[in-house]
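Engineer: Sequence order for the protein chains is A and B. Using this note's numbering, the letters of the first sequence map in sequence onto residues 10 to 412. Using this note's numbering, the letters of the second sequence map in sequence onto residues 83 to 380.
Hints are computed from structural coordinates only; laboratory data are not their basis. Beta carbons are placed, not taken as given, at the ideal position from N, Cα and C, and that holds for glycine. Be careful, since some hints might not be right.
Said to hold, decoys possible - Chain A stretches covered by chain B per the calculated footprint, using a threshold of three residues with CB under 8 Å from any CB of chain B: (1) 12-21; (2) 220-229.
Claimed, not checked - No more than 25 Å apart at the CA atoms, straight line, and that leaves these computed lysine-lysine pairs for DSS-like: (3) B:Lys136 x A:Lys387; (4) B:Lys353 x B:Lys373; (5) B:Lys303 x B:Lys373; (6) B:Lys209 x B:Lys168; (7) B:Lys210 x B:Lys169; (8) B:Lys136 x A:Lys28; (9) B:Lys148 x A:Lys387; (10) B:Lys199 x A:Lys403; (11) B:Lys199 x B:Lys253; (12) A:Lys28 x B:Lys168; (13) A:Lys28 x B:Lys169; (14) B:Lys136 x B:Lys199; (15) B:Lys209 x A:Lys28.
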Amino acid sequence: MNKTMLLIRHEFLTVVRRKAFIILTLAFPVVALLGILAAQVIPKMITPTVTIEKIGYVDNTGMFSGSVTEDQLQLVPYNSEDTAKTALVNKDITDYFVIPSNYLATGLVQRYTLKNEITPSSATQTVIRDFLLNNLLKGNDAAVVNRAKSPLNIASTTLNSTGAVAARQGGFAALILPYIFSILLMLAIFTSSGYLLQGLVEEKENRVMEILLSSVSPRQLLAGKVIGLGAAGLVQIVVWLISTNFIMKIASSSFGNVIGSLQVPPDFLILGIVYFILGYLLMAVLMAAVGSVSPTAREGQQMSAFFIIPVIIPIYFMGLIMEHPENIAVKILTFIPFTAPLTVIVRLGLSEIPIWELGLSILILILTIWGCFVLATKLFRTYLLMYGKRPDLKAIIQSFRES
Amino acid sequence: MYAVEVNKILKAYGNRAVVNDVSFYVNQGEIFGLIGPNGAGKTTTIRMMMDIIKPDSGTIRIMGEKLNDGSKNRIGYLPEERGLYKKMSVMDTIIYFASLKGIDNQTARKRGEALLKRADMFQHQNKKIEELSRGMGQIIQLIVTIIHEPDLVVLDEPFSGLDPVNTQLLKDMIRELKSSGKTIIMSTHLMNDIEELSDRLMMINKGREVLYGSLAEVKSKYRNNAVLVECVGEIGNIEGVTEQRRHNAAIELVLDAKTTPQMVLERLVAKHIVVNRFELATPSLTEIFIKVAGDEHE
Numbered sequence: 010m011n012k013t014m015l016l017i018r019h020e021f022l023t024v025v026r027r028k029a030f031i032i033l034t035l036a037f038p039v040v041a042l043l044g045i046l047a048a049q050v051i052p053k054m055i056t057p058t059v060t061i062e063k064i065g066y067v068d069n070t071g072m073f074s075g076s077v078t079e080d081q082l083q084l085v086p087y088n089s090e091d092t093a094k095t096a097l098v099n100k101d102i103t104d105y106f107v108i109p110s111n112y113l114a115t116g117l118v119q120r121y122t123l124k125n126e127i128t129p130s131s132a133t134q135t136v137i138r139d140f141l142l143n144n145l146l147k148g149n150d151a152a153v154v155n156r157a158k159s160p161l162n163i164a165s166t167t168l169n170s171t172g173a174v175a176a177r178q179g180g181f182a183a184l185i186l187p188y189i190f191s192i193l194l195m196l197a198i199f200t201s202s203g204y205l206l207q208g209l210v211e212e213k214e215n216r217v218m219e220i221l222l223s224s225v226s227p228r229q230l231l232a233g234k235v236i237g238l239g240a241a242g243l244v245q246i247v248v249w250l251i252s253t254n255f256i257m258k259i260a261s262s263s264f265g266n267v268i269g270s271l272q273v274p275p276d277f278l279i280l281g282i283v284y285f286i287l288g289y290l291l292m293a294v295l296m297a298a299v300g301s302v303s304p305t306a307r308e309g310q311q312m313s314a315f316f317i318i319p320v321i322i323p324i325y326f327m328g329l330i331m332e333h334p335e336n337i338a339v340k341i342l343t344f345i346p347f348t349a350p351l352t353v354i355v356r357l358g359l360s361e362i363p364i365w366e367l368g369l370s371i372l373i374l375i376l377t378i379w380g381c382f383v384l385a386t387k388l389f390r391t392y393l394l395m396y397g398k399r400p401d402l403k404a405i406i407q408s409f410r411e412s
Numbered sequence: 083m084y085a086v087e088v089n090k091i092l093k094a095y096g097n098r099a100v101v102n103d104v105s106f107y108v109n110q111g112e113i114f115g116l117i118g119p120n121g122a123g124k125t126t127t128i129r130m131m132m133d134i135i136k137p138d139s140g141t142i143r144i145m146g147e148k149l150n151d152g153s154k155n156r157i158g159y160l161p162e163e164r165g166l167y168k169k170m171s172v173m174d175t176i177i178y179f180a181s182l183k184g185i186d187n188q189t190a191r192k193r194g195e196a197l198l199k200r201a202d203m204f205q206h207q208n209k210k211i212e213e214l215s216r217g218m219g220q221i222i223q224l225i226v227t228i229i230h231e232p233d234l235v236v237l238d239e240p241f242s243g244l245d246p247v248n249t250q251l252l253k254d255m256i257r258e259l260k261s262s263g264k265t266i267i268m269s270t271h272l273m274n275d276i277e278e279l280s281d282r283l284m285m286i287n288k289g290r291e292v293l294y295g296s297l298a299e300v301k302s303k304y305r306n307n308a309v310l311v312e313c314v315g316e317i318g319n320i321e322g323v324t325e326q327r328r329h330n331a332a333i334e335l336v337l338d339a340k341t342t343p344q345m346v347l348e349r350l351v352a353k354h355i356v357v358n359r360f361e362l363a364t365p366s367l368t369e370i371f372i373k374v375a376g377d378e379h380e
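Same shape as in the complex, but just chain A (with noise of 0.2 Å):
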């Protein structure tokens, strides 16, 4: 085995052998289990014993009658607004309405109840609405009736220029699906990049820099570190697609279509790792050149935070990204390095890129890598043996005119 395979499996194993890694990786996959268990185990832990509430109403118009019993809600009939605020009073029936003799032309209905409440509760108002609708509908065919009762089903289909059905449909999954992988895309790249600056610092701080630069060289060192983290990140990243999948299987029978909609498109698939791989190359070189100027790991974050930032910048543009994702502030963002990895994913759920722009988008985050990368090892030969002290930016630039 190569040194720089050597240095790849000891960074690799390093960081997976973490507790902090193990947890984190776990955790998403975990907690959206227990979630979904929770989703389902809980109403059944609080579903209370069957009692059917009484709703009263006084019906001044003279339009009205029956008795209506639907999600255990039971409404009867009162003669006058006496008896019923009465038996409310007596806590025989829950609430009471009035449906005032001008209902037809006003539409209101006067409701009273001893609860304290925001609004009335959704069962409560279907069931008077389902009764109002019955009467008003009354001598009509039992499915017209239905119908107005729930009159708008929308099943849209997006095309795309050419008329043909587009790839990209829209809706639920199109808005969580990019949002959720972009937060763990970041999380992923933060984490592998941030293990990155802690190990390189803290092999600083450990005096084994020197030991290990009289066995490979700098460049070896630092490619060792950035592939052997990145292979670790992309095990995160793997394990979270998977498990993704997985999860929105069991919440798909558990929730029916709303979730089940959630799949996740082989291309946003490829793309997701394609970016991951370029988003965490480019944090990690730079991550590399603050380790090598850093003296204390505090200081290493600190300073990471300088490139950290340019990265989120999409998360504050995710309104503008998802409801124009072309607009040409968001073709730009598409063409920073920093910030495309983010802005690609988000796009990518919503709309079909160009492929000129997904190409340019990767040419510039590879010819950035390249650059960072040359430059972050010539930082890392100078100062990596530098115990103690910071150099200032002047002497930064001055050391690559030097080398």
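Based on these hints, arrange chain B on the given structure of chain A.
Structural biologist: Relative to the frame of chain A, chain B by itself:
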């Protein structure tokens, strides 16, 4: 072929030359001392030899060739600023660093066990590095340095921070390395250690070579015209002796330019003084170091 051949190396940071026009060679199988005050440029010289820092000019050849990936495996390096992975076990540490020098795990484990037994630390092989004392950690670092049986061993301030017991253990191990034919370069500012162990030496100060040669050559160059005498009774005035200095039991007699040690001995005998010890007074390396470093300072 020399083990190390350094030719006119120069390293400057900005306008300040840290190592300036330094040349030396190290024979195979010898212990070579690199001495100098703090900040003299010893560590920078060693780092350039190890290809950790690139010289601005000059050449360095190790075992006859420019340092490469293969020849790096023939060198064991114990840096001045040293440490190990605190959370790693002793044996895992030895195996990992051996693997970076091209040694397979099985061989590394076997050699590691032998070296741990030699240092009487075999029972600590499964302990984490952070559980060891500082001295023990330094012995593990020496084991890591020599686990791949290198032809050239470079030790930068090897005795710093060691107690007398571990210092002696380290010295014994260095002697064993020499007797097995290894070449050793040892950098230190502790002159006694160099005097005790090294065959040849170079002293650098402010980045420049100020002393270079075998121990005997260096001492001879800085020898005073003086003798050390241990005798019974008072010496009194002796012709040709300009000064008498007492050093515990011995008296150092400083001679004038015309007087030889032989002449002084004859004059002592002629005065019926019983002489128990008579030897040429040679300066210690510490004295030479202070003199040279002091002269440079002036």
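Engineer: With reference to the structure, classify each hint as holding or not holding.
Structural biologist: The hints, checked one at a time:
With 4 residues carrying a beta carbon less than 8 Å from a beta carbon of chain B, the segment 12-21 of chain A meets the three-residue requirement, and the given coverage holds. Here the segment 220-229 of chain A counts 7 residues with a CB under 8 Å from a CB of chain B, which clears the bar of 3, and the coverage holds. At most 25 Å may separate the alpha-carbon atoms for a hinted pair to count; B:Lys136 and A:Lys387 meet this at roughly 11 Å. Between B:Lys353 and B:Lys373 the CA atoms are separated by roughly 35 Å; this puts the pair beyond 25 Å, and the hint is violated.
Pair hint B:Lys303 plus B:Lys373 holds up; C-alpha atoms about 12 Å apart against a cutoff of 25 Å. The straight-line distance between the Cα atoms of B:Lys209 and B:Lys168 is roughly 10 Å, inside the 25 Å bound, and the hint therefore holds. With a CA separation close to 6 Å, the supplied pair B:Lys210 and B:Lys169 stays within the 25 Å bound. Only pairs whose Cα atoms come within 25 Å are accepted, and B:Lys136 paired with A:Lys28 is rejected, the gap being roughly 39 Å.
A hinted pair counts as satisfied when its Cα atoms are at most 25 Å apart, and B:Lys148 with A:Lys387 qualifies at roughly 21 Å. About 51 Å separates the Cα atoms of B:Lys199 and A:Lys403, which puts this hinted pair outside 25 Å; it is violated. The hinted pair formed by B:Lys199 and B:Lys253 meets the criterion: a straight-line CA distance of about 17 Å does not exceed 25 Å. For a cut-off of 25 Å, the pair hint linking A:Lys28 to B:Lys168 stands: about 16 Å separates their Cα positions.
Straight-line distance between C-alpha atoms of A:Lys28 and B:Lys169 comes to about 13 Å, which keeps the hinted pair within the 25 Å bound. For the proposed pair B:Lys136 and B:Lys199, the alpha carbon gap of about 38 Å is over 25 Å, so the pair is violated. Note on B:Lys209 and A:Lys28: the hinted pairing holds, with a Cα-Cα distance of about 20 Å set against a maximum of 25 Å.
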